[in-house]
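Student: Read off the chains here:
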Amino acid sequence: MSNSKGLVSTGASLVRRHQRILWWVFAVNFILALLGSGPARTMFSSVLDHSLAAGDISGQLRVARYVELLMQPEVQLQAGTSASVATQIIFFIFMLFLTGGILVTYREDRKLSRAEFFENCGLYFWRMVRLMLISLIPFGAILLIYQGVRKIGDRIAEASPLEANEFWWRMGAGIVILLMLLFVRLWFDVAQVRAVEQNERSMWKNSFRALKISGNALGALLWMYFRISLVAWVVLGAGLYIWLHIPGRMWGLSFLLLEVVMLVQFAVRLWLRASAITWYRLYAEEHPATAVEYTTPKPAVLVDQQSNPVSS
Amino acid sequence: MRNARRFLIAFMAIGAVAVIVFYAALTPEVRAQGSSPTPTKPLLVSEPLSDRIVAYKIEAKYDPKTRTVDAQQTLTYKNETGAALDRFPFHLYQNAFQPGSTFMREVRWAGGTRDNKGSWDEKLNASTDVTKLEVEGMGDLTGAMKYIAPDDGNPMDKTVMEVRLPKPVPPGGEITFRMNFKTKFGEPVMRAGYKRDYVFAGQWFPKVGVWWKSSGSSPKPDPSETKFGWNAHQYHNSTEYFADYGTYDVNLTLPENEVVGASGVQLGEKKNADGTKTLTFRAEDVHDFAWTASPRFDVVEDQVTLSTGTVKIRALIAPGHMNSAKRYVTAVQGTMQKFDEWYGPYPYAQVTLVDPPAGAGATGGMEYPTLITLGTSWLMPKSVLGPEMVTEHEYGHQYWYGMVGSNEFEDAWLDEGINSYTEVKIMDALYGRDTSMINSRLGIAGDREMQRMSYSSIPDMDPLARNAWQYGGYGSYGAMTYGKTATMLMTLEAIVGEEPLRKAINTYFMRYRYKHPTEQDFLNTVNEVTGQDLTWFWEQAVYGTHVLDYRVMGVKSDRVDWAKKDAPEEKKGETTYHSQVTLHRKGTFVFPVALEVKFDNDETVREQWDGKDRWKRFEWEKKAKIVSAEIDPDHKVLLDTNAFNNSYVVKPQRATQKIMSYWTVASQWLGQMLSWLA
Numbered sequence: 001m002s003n004s005k006g007l008v009s010t011g012a013s014l015v016r017r018h019q020r021i022l023w024w025v026f027a028v029n030f031i032l033a034l035l036g037s038g039p040a041r042t043m044f045s046s047v048l049d050h051s052l053a054a055g056d057i058s059g060q061l062r063v064a065r066y067v068e069l070l071m072q073p074e075v076q077l078q079a080g081t082s083a084s085v086a087t088q089i090i091f092f093i094f095m096l097f098l099t100g101g102i103l104v105t106y107r108e109d110r111k112l113s114r115a116e117f118f119e120n121c122g123l124y125f126w127r128m129v130r131l132m133l134i135s136l137i138p139f140g141a142i143l144l145i146y147q148g149v150r151k152i153g154d155r156i157a158e159a160s161p162l163e164a165n166e167f168w169w170r171m172g173a174g175i176v177i178l179l180m181l182l183f184v185r186l187w188f189d190v191a192q193v194r195a196v197e198q199n200e201r202s203m204w205k206n207s208f209r210a211l212k213i214s215g216n217a218l219g220a221l222l223w224m225y226f227r228i229s230l231v232a233w234v235v236l237g238a239g240l241y242i243w244l245h246i247p248g249r250m251w252g253l254s255f256l257l258l259e260v261v262m263l264v265q266f267a268v269r270l271w272l273r274a275s276a277i278t279w280y281r282l283y284a285e286e287h288p289a290t291a292v293e294y295t296t297p298k299p300a301v302l303v304d305q306q307s308n309p310v311s312s
Numbered sequence: 313m314r315n316a317r318r319f320l321i322a323f324m325a326i327g328a329v330a331v332i333v334f335y336a337a338l339t340p341e342v343r344a345q346g347s348s349p350t351p352t353k354p355l356l357v358s359e360p361l362s363d364r365i366v367a368y369k370i371e372a373k374y375d376p377k378t379r380t381v382d383a384q385q386t387l388t389y390k391n392e393t394g395a396a397l398d399r400f401p402f403h404l405y406q407n408a409f410q411p412g413s414t415f416m417r418e419v420r421w422a423g424g425t426r427d428n429k430g431s432w433d434e435k436l437n438a439s440t441d442v443t444k445l446e447v448e449g450m451g452d453l454t455g456a457m458k459y460i461a462p463d464d465g466n467p468m469d470k471t472v473m474e475v476r477l478p479k480p481v482p483p484g485g486e487i488t489f490r491m492n493f494k495t496k497f498g499e500p501v502m503r504a505g506y507k508r509d510y511v512f513a514g515q516w517f518p519k520v521g522v523w524w525k526s527s528g529s530s531p532k533p534d535p536s537e538t539k540f541g542w543n544a545h546q547y548h549n550s551t552e553y554f555a556d557y558g559t560y561d562v563n564l565t566l567p568e569n570e571v572v573g574a575s576g577v578q579l580g581e582k583k584n585a586d587g588t589k590t591l592t593f594r595a596e597d598v599h600d601f602a603w604t605a606s607p608r609f610d611v612v613e614d615q616v617t618l619s620t621g622t623v624k625i626r627a628l629i630a631p632g633h634m635n636s637a638k639r640y641v642t643a644v645q646g647t648m649q650k651f652d653e654w655y656g657p658y659p660y661a662q663v664t665l666v667d668p669p670a671g672a673g674a675t676g677g678m679e680y681p682t683l684i685t686l687g688t689s690w691l692m693p694k695s696v697l698g699p700e701m702v703t704e705h706e707y708g709h710q711y712w713y714g715m716v717g718s719n720e721f722e723d724a725w726l727d728e729g730i731n732s733y734t735e736v737k738i739m740d741a742l743y744g745r746d747t748s749m750i751n752s753r754l755g756i757a758g759d760r761e762m763q764r765m766s767y768s769s770i771p772d773m774d775p776l777a778r779n780a781w782q783y784g785g786y787g788s789y790g791a792m793t794y795g796k797t798a799t800m801l802m803t804l805e806a807i808v809g810e811e812p813l814r815k816a817i818n819t820y821f822m823r824y825r826y827k828h829p830t831e832q833d834f835l836n837t838v839n840e841v842t843g844q845d846l847t848w849f850w851e852q853a854v855y856g857t858h859v860l861d862y863r864v865m866g867v868k869s870d871r872v873d874w875a876k877k878d879a880p881e882e883k884k885g886e887t888t889y890h891s892q893v894t895l896h897r898k899g900t901f902v903f904p905v906a907l908e909v910k911f912d913n914d915e916t917v918r919e920q921w922d923g924k925d926r927w928k929r930f931e932w933e934k935k936a937k938i939v940s941a942e943i944d945p946d947h948k949v950l951l952d953t954n955a956f957n958n959s960y961v962v963k964p965q966r967a968t969q970k971i972m973s974y975w976t977v978a979s980q981w982l983g984q985m986l987s988w989l990a
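As given, the protein sequences belong to chains A and B, one line each in that order.
Counted from 1, the first sequence has number 73 at position 73 by the numbering used here; the numbering is strictly sequential.
Converting from the second sequence to the numbering used here requires adding 312 to each position, the first position being numbered 1.
Every clue listed holds true.
Computed Cβ-Cβ distance ranges for the label pairs, DEER-style:
1. A:W168 to B:R490: 50 to 58 Å
2. B:K373 to A:M71: 48 to 56 Å
3. B:K948 to A:W23: 47 to 55 Å
4. B:R823 to A:W168: 53 to 61 Å
Per the computed footprint, the stretches of chain A lying under chain B, defined by three or more beta-carbons under 8 Å from a beta-carbon of chain B, are:
5. 31-37
6. 80-89
7. 244-258
Calculated from the model, a selection of chain A residues having no Cβ within reach of chain B, i.e. all distances over 10 Å:
8. Q147
9. Q198
10. W204
Keep in mind that the hints were calculated from the coordinates and are not lab data.
We put the CB at the ideal spot given by N, CA and C, even for glycine.
Assemble the whole structure, with the sequences as input and the hints as a guide.
Tutor: Here you go:
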């Protein structure tokens, strides 16, 4: 149905050409994470900064000392965590806000001015919010399926003396659920693209239409998303493998490595978006809204046709 | 369509590689099933080791379909109490697993069994019913049996049954009980029960109480007021057992396909015409008898040579757990040799290791004479030494519970606590002081630290000297009896030395094996062998709830000439400083304090403080500034509940940056994951 190899590389090229978006997303995420970690930093500092026992954490991690740290009255994990969660919710809203601008940038494949970019962000923001809310329905359904998988896993565990049986059930079902999640994501990516391309305002209608389009091209789209996502998984796996081999005292190096992994995760997400919009423009059965103008007969042509009916 | 096929092929290929990698990683190292000669008698020595107060002969038939044992038991009891006995209590422990029992009430109130069920399921129901009781020379006394509840008066509790005799058994006399009983197992709530085709039969027969001090040990007994009587407590959420030493002759009939392990040694096997077999077991100088059966056990056999001779090791391994078999066997061999070297001889001819199958973890991590139950999982990584630790711990109970028969109802710290201490010492010796629990690239943990963590989580709820069922909660029971005792004894090494304490524990073992010592027996032995009156320590650590926490409250180096207007510029090695370190006793536990202070001219000063006052200030005048001050620089006082305030270092440490770097990454990851919803 489509040349997904070309789509994947075209998507990658788009992300590379407009890498400014990637760096901005990464930077905002990083800054928000730093801001959110302030309360935690204060509480850990009060215990660790002038204690020799801190060496049991800054070097090779002594698990019991770390647990003892968490038991200190000064360390209120909930308070520290709340700030981080709050800033990352802000990041989520920020990403939702950016979606329109990002998609228009990839569609146009040119550097938008700051005003153009944010104008598009604002233009599509509420549509993206509505789409996100609608997407919670299929995501919720998958959550229900996951609960069912867990229950079946418990029954297998109850019936079988081999823990392996339960493990493989959960592994297999987990992979299927991951694929289902990937499908829902691509479905709503197509819906977002369609909202921008068609300037669609009804998000319910848009979602159903996107489902139909995604369903018709399920193999091609899932194959494309699967391959791109695989990059994220491979980089994550390799990153964790290298991280495990970095001595505990070299935490600065570990941090840099994990930041690279994080950057790749963001790049992959943008790569999916770029590939989705490229696919849509090339292969989706509907034409972009901009093309609709050209299909509208011009008055002059109408006059010609009326004057020369034979030509029709 | 072509893409869909390619997608499917790629997906299946990745799945196949994943399966191969996982199976390769999990291929058991031990497949070969070794063997060693079966012992023909239960002991490696020829003389009886105990007074053999009881002699049990049990003919039992197990039906795996109904998970029921039908049995006839003959118990001969020697009255060496010095008193005439006209009533006998019997423990019927399986009756604890019924909704109205004291055990289940306590589970509901406090939580914390090994398999804490939220609601009652009929599958959990278990029972032991004595259907007939005769006493030789006194006739049928079935009608004279009644349930008693000496601890809480709960009329629903059936875990202790008492029978009154028409005439007393005189001092020095003997009595023989003949009982028919039926024990039905439930799914395991704690320590016994069935799961699928596996059964663990612990506390499965009526067991007579112990004539001992009847007053309990809480809070601190006055030896002059000690009264003697029957000591037969109900089964509680946080209690184990107490029984007299003797012999067990058990004939167990069950289907031929069952693989069986039991206390003692197997002396015979007879195949029956009905497809069953009868196995004959004998155990000597023990105070309990447990057995297990499953058609799916793999048997791994090995041996270890000790000062008493060669001991057979027989491991019954559940399906899927063969990758832990070698770990169990190696751990028990190392542990047995260390116990033999440090604490005393193991006189039994065999030790049986039982690995419960998945879902039967509630029967794991438990000790019975010459038989221990362990625990692992299919994916247990080598870097987590859980199987080794549980093997060490349960084998240690052969000494602290098995041979030294302290009262687990009243003095739980004497078995669980001393055992946790010896566990730390042996795990340190076998697997490294800092790596004996977790030894991975991600982090390390030593057993001693884990015991200390357990204690510091609830350090002040209860004293050690308390009846096990009267602790503030299951958590406090665990923190005190296991964690605090181990930590207390490790701290005691700082006062008396490691070797003298080892000698004291060795003496305690040799002096009280096959007896029922009290906590005072243990404390007196340590005082005597170490040559120190440690009453001040025991008062706080055993009988008190004192918390030990000293801290470095302030560190200051101030120029001596600070007030001079024309003072020379500060210069290392030339400027004189007045330095102070202030220590603070935050807790209520008084303990001698060692202080080490380091100066920036590489000089190190050590000071001592008796720790009695609430605070103490040390002062020096030197041409150097303080770099750091540290309490307990040798890290021996593990009872100190807060290691972070034991020191002050002037230069800020980098641990916060490390934690925050990971915190930041975790926070970013959360944002990244959320953005997949956007």
